[in-house]
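Protein chains in written order, with full-length UniProt numbering: chain A, 1 to 287; chain B, 1 to 287; chain C, 1 to 287; chain D, 1 to 287.
It cannot be assumed that every hint is accurate.
Pairs of lysine to aspartate or glutamate, EDC-like flavour, derived with a Cα cap of 16 Å [unchecked claim]: (1) K30(D) with E67(D); (2) K30(A) with E67(A); (3) K30(B) with D61(B); (4) K210(A) with E181(A); (5) K210(C) with E181(C); (6) K210(B) with E181(B); (7) K30(C) with E67(C); (8) K210(D) with E181(D); (9) K210(B) with D186(A); (10) K210(C) with D186(B); (11) K210(A) with D186(D); (12) K210(D) with D61(C).
Reference excerpt, derived from the structure (chain D facing chain B, CB under 8 Å, subset only) [as the list claims (entries may be wrong)]: (13) Q54; (14) H58; (15) T201; (16) A241; (17) A242.
These are computed hints drawn from the structure, not numbers from a lab.
Think of the CB as a built atom: it goes at the ideal place given N, C-alpha and C, for glycine as much as any other residue.
Single-letter residue listing:
Number of protein chains: 4
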Amino acid sequence: MNRPSEQSPVGGFRARLHTVIFEADTPAGKVFDVALLWAIVFSVAAVMLESVSQVRTHYSDALHVAEWIFTVLFALEYVLRLIAVRRPLHYARSFFGIVDLMALLPSFLSVVFPGAQTLLVVRVLRLLRVFRILKLGHLLGQAEVLLTALRASRPKIIVFLGTVLSIDVIMGALMYMVEGEANGFDSIPRSMYWAIVTMTTVGFGDITPKTVTGQFLASILMVMGYGIIAVPTGIVSVELAAATRQHVDTQACPGCGAQGHDPDARFCKRCGTALDWTPPGTEGETG
Amino acid sequence: MNRPSEQSPVGGFRARLHTVIFEADTPAGKVFDVALLWAIVFSVAAVMLESVSQVRTHYSDALHVAEWIFTVLFALEYVLRLIAVRRPLHYARSFFGIVDLMALLPSFLSVVFPGAQTLLVVRVLRLLRVFRILKLGHLLGQAEVLLTALRASRPKIIVFLGTVLSIDVIMGALMYMVEGEANGFDSIPRSMYWAIVTMTTVGFGDITPKTVTGQFLASILMVMGYGIIAVPTGIVSVELAAATRQHVDTQACPGCGAQGHDPDARFCKRCGTALDWTPPGTEGETG
Amino acid sequence: MNRPSEQSPVGGFRARLHTVIFEADTPAGKVFDVALLWAIVFSVAAVMLESVSQVRTHYSDALHVAEWIFTVLFALEYVLRLIAVRRPLHYARSFFGIVDLMALLPSFLSVVFPGAQTLLVVRVLRLLRVFRILKLGHLLGQAEVLLTALRASRPKIIVFLGTVLSIDVIMGALMYMVEGEANGFDSIPRSMYWAIVTMTTVGFGDITPKTVTGQFLASILMVMGYGIIAVPTGIVSVELAAATRQHVDTQACPGCGAQGHDPDARFCKRCGTALDWTPPGTEGETG
Amino acid sequence: MNRPSEQSPVGGFRARLHTVIFEADTPAGKVFDVALLWAIVFSVAAVMLESVSQVRTHYSDALHVAEWIFTVLFALEYVLRLIAVRRPLHYARSFFGIVDLMALLPSFLSVVFPGAQTLLVVRVLRLLRVFRILKLGHLLGQAEVLLTALRASRPKIIVFLGTVLSIDVIMGALMYMVEGEANGFDSIPRSMYWAIVTMTTVGFGDITPKTVTGQFLASILMVMGYGIIAVPTGIVSVELAAATRQHVDTQACPGCGAQGHDPDARFCKRCGTALDWTPPGTEGETG
Chain A
1 MNRPSEQSPV GGFRARLHTV IFEADTPAGK VFDVALLWAI VFSVAAVMLE SVSQVRTHYS
61 DALHVAEWIF TVLFALEYVL RLIAVRRPLH YARSFFGIVD LMALLPSFLS VVFPGAQTLL
121 VVRVLRLLRV FRILKLGHLL GQAEVLLTAL RASRPKIIVF LGTVLSIDVI MGALMYMVEG
181 EANGFDSIPR SMYWAIVTMT TVGFGDITPK TVTGQFLASI LMVMGYGIIA VPTGIVSVEL
241 AAATRQHVDT QACPGCGAQG HDPDARFCKR CGTALDWTPP GTEGETG
Chain B
1 MNRPSEQSPV GGFRARLHTV IFEADTPAGK VFDVALLWAI VFSVAAVMLE SVSQVRTHYS
61 DALHVAEWIF TVLFALEYVL RLIAVRRPLH YARSFFGIVD LMALLPSFLS VVFPGAQTLL
121 VVRVLRLLRV FRILKLGHLL GQAEVLLTAL RASRPKIIVF LGTVLSIDVI MGALMYMVEG
181 EANGFDSIPR SMYWAIVTMT TVGFGDITPK TVTGQFLASI LMVMGYGIIA VPTGIVSVEL
241 AAATRQHVDT QACPGCGAQG HDPDARFCKR CGTALDWTPP GTEGETG
Chain C
1 MNRPSEQSPV GGFRARLHTV IFEADTPAGK VFDVALLWAI VFSVAAVMLE SVSQVRTHYS
61 DALHVAEWIF TVLFALEYVL RLIAVRRPLH YARSFFGIVD LMALLPSFLS VVFPGAQTLL
121 VVRVLRLLRV FRILKLGHLL GQAEVLLTAL RASRPKIIVF LGTVLSIDVI MGALMYMVEG
181 EANGFDSIPR SMYWAIVTMT TVGFGDITPK TVTGQFLASI LMVMGYGIIA VPTGIVSVEL
241 AAATRQHVDT QACPGCGAQG HDPDARFCKR CGTALDWTPP GTEGETG
Chain D
1 MNRPSEQSPV GGFRARLHTV IFEADTPAGK VFDVALLWAI VFSVAAVMLE SVSQVRTHYS
61 DALHVAEWIF TVLFALEYVL RLIAVRRPLH YARSFFGIVD LMALLPSFLS VVFPGAQTLL
121 VVRVLRLLRV FRILKLGHLL GQAEVLLTAL RASRPKIIVF LGTVLSIDVI MGALMYMVEG
181 EANGFDSIPR SMYWAIVTMT TVGFGDITPK TVTGQFLASI LMVMGYGIIA VPTGIVSVEL
241 AAATRQHVDT QACPGCGAQG HDPDARFCKR CGTALDWTPP GTEGETG
């Protein structure tokens, strides 16, 4: 996603197009973004409604027309985006470029494979762009804190998933042997599905142990599984705390080098040296 | 909620009325509050009992009479409250004013729409007022800590809910395509309901995947969903820790009076004054 | 529970009895405790087995005999305990005295009310005493940390339970109105049971919303409920962290009064003063 | 698991064998490990597929042949391992030696007891060895952090499990009395299974309370259980935070080499030496 080149203006008509489509600072850009936002929302809503059989029987044609109007509009928008950016291929290969294309294809696919238009819900991902353009900066900052927390705990999460999968395979095979096909555990993969349903404490109840041994094994799996499943929460808590602290912790005292000051600190809590050496006129901006 | 004006006395009869109704310091006020507490509890219990068919067949009339007695009592109380406060409109538009009115309307509504009296359970919210009047201050302090923790994590929660909703829409559509109407996933909205039931680990089991692909997708949703759902717990933990710490940290700077210093701070982070000015003999007391 | 007086010896036979029954330091006392431990375990197991119909049909008489043997043994033990302590009434009114009595009564009750012997499982609480006598001190220390954590968060937990109950009442009434008796929500109390099953993410699936409105309300309840239910975990985490820290955090520097030293610290991390003023010969004991 | 002796070379052919089988540094060793990895994966996949009845009816013979080929290969590998190590008995009794043997036995068992080959999934544990050999060191480091966290909280976990078990026994007996066999609670062990399903918030729904008293007791168990079950998450969070902190804290004292100082420590907590002896010009580097 090489946004700098994607967003650099290209002069004349394309420059104006770029301003309208990619930026939200001008009135025209704002109107375009809000229109896009509603178009996406209505488009996804239309796909959802079409799946409801009562609606489909009565408004099938209307929804079909709406779907194609949205598809044409989004296709037009896609072409305009390709024209507006300096390096069209770059945009086409970027995350949003791919999402924009994927938001069009299902309509054409549905001509060959009926039902494929359900995939149009992928358009919901396009809302991310509007999100970004509407400068909901503080929300994105929070999203980054969450992502940092998750990324930092990736090795722990891989180890955790490996453990869950091993327990899942072994418990799945054990329950398949103990309960057997008569009680719904009719293959190891299905038993593994049951074990995941149980370990994650979802517990649908579509498959349940009937024998005493099976219920005993299930009880152990539940208690053990709960403990194991408690790990991600612990990981996220610890990493969130660290990520939140890091967000804050970036200021070293010019006098003694101490760190860990509060975001609103103006003097070092260790030696009393003033932390910000900014001239008095701009002090109000630090905040 | 402009409580100061709501509670300021108005002299004469209205002043005495105000003391009885809005305050709990005098004996009369205490009696009023305790009577109100029990009236609310009995009133809500009556509504609940009326919904049980065995009770309704036998005691329908008694419960009906009780309901109207409570309604008349609460209506009287509402009018007295309007009289007792200096600015009746202010009270009527405050949170408790609206709750007090909403606790009356369903009785009258039920004349036109039978069954509307069920809404009388909204009276349970009136207990909040008694809670406040009975000066359960330390509990409210804790409620504030909880609320501070939740408010501080609002941006994180919005990002989290957005993520949950996007996964919900996309998984709902996928499961609708994979499982289809034959297996209970008969529309995208219903599939989305299933996806939320699954992601929150509730797992009713009223709709469950039957195909291998569906069970595989469901397994991924459960494990992934569990990780995502672990986020609110992490957020609440971190923010609660922060809110608790702030509550504790009350050392005020002797130079400028600033608060919120770290427990190991030795100089005010605002003005640089040394925080502990205690004579050597009492140094052991600084905690 | 005035244990000092309960355990103080009384001379002669009663003193020796007291040593055997209440203490685990002598060989006789140890034998008594281990025998008691196994008697309790076997007694509870017998009650459990009797509830299994296949076992009951075949071994009913044997289990009945075993039950009465255990009851006579425990009754004898109870009488001996009353004799051995200096103030029998004190023991009879203590927590363990009441548990010991409650572990006898169901057998006699079952003569009048068949089935009452199931209550004999209360004997499982008697294991707590063995636990205490076997000097599993470090486990009790951990139990205390857990209890301190829970006690410290009591006000928060009360506020939390109040919120859960209010949401439960209001959601229960709403679902009763929306879904009605046809879909299993046949009274407000039953609807409230469903709301608790849903909010705690248990999700039995015995009652589930069928209407679109009901499923929408349920979805909101689940997501909201999940957030609310995340609170106790957050509370426990924060308080456990605090309780663990307090366990450690008890040493103030004699030089500068700084606190928060690690449990293995020997010099103040702030000013370098030695933390423990103990003579060299006993230094090995600090640990 | 005495790995040093197990892995020390023994000269000549056995030395080369050892290098290939136990080490992953040479090209031959790497090829062996990758081949082993795939053999394990395919072998486990074959066992899983055999359990699916559609697959079994069509490919029963092929899967049977594959199973025996894998068994012969793994048996050969087991013999070669025994030859390659200096002390074969030591290897045979180590964790991986036992797993390697257990990965062979089910095939031979299945000749006598049909269906025993399901136990072959135990081969999934052999992946742990590959994991170790492929030097996924940073992942193992994280696994150690997780294990340290779990081990440190063992006493708390024992107390927690004891509490859960006691509540389980008592609630199981109560529900057996209240609901009885008519509603599925047909023995105390089955009631205890239900109580664990409920307390861990799994909630299959195969057994559910039908009476009002039973639903009331269940509601209490759910809310109480949720609080109790929140404890492991809290424990893991706190211990994970501690384990992570320890991992980070590596500043060594220049005087005595002691580690584990707090991030804000200025003097060694062991010997009192100032921790930062850096010349003034580089003070900014102390982090």
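Hint check:
no.: 1; hint: K30(D) with E67(D); result: violated (24 Å)
no.: 2; hint: K30(A) with E67(A); result: violated (24 Å)
no.: 3; hint: K30(B) with D61(B); result: violated (32 Å)
no.: 4; hint: K210(A) with E181(A); result: holds (11 Å)
no.: 5; hint: K210(C) with E181(C); result: holds (11 Å)
no.: 6; hint: K210(B) with E181(B); result: holds (11 Å)
no.: 7; hint: K30(C) with E67(C); result: violated (24 Å)
no.: 8; hint: K210(D) with E181(D); result: holds (11 Å)
no.: 9; hint: K210(B) with D186(A); result: holds (13 Å)
no.: 10; hint: K210(C) with D186(B); result: holds (13 Å)
no.: 11; hint: K210(A) with D186(D); result: holds (13 Å)
no.: 12; hint: K210(D) with D61(C); result: violated (32 Å)
no.: 13; hint: Q54; result: violated (10 Å)
no.: 14; hint: H58; result: violated (16 Å)
no.: 15; hint: T201; result: holds (7 Å)
no.: 16; hint: A241; result: violated (10 Å)
no.: 17; hint: A242; result: violated (14 Å)
Of the numbered hints given earlier, the model fails hints 1, 2, 3, 7, 12, 13, 14, 16 and 17; all others are met.
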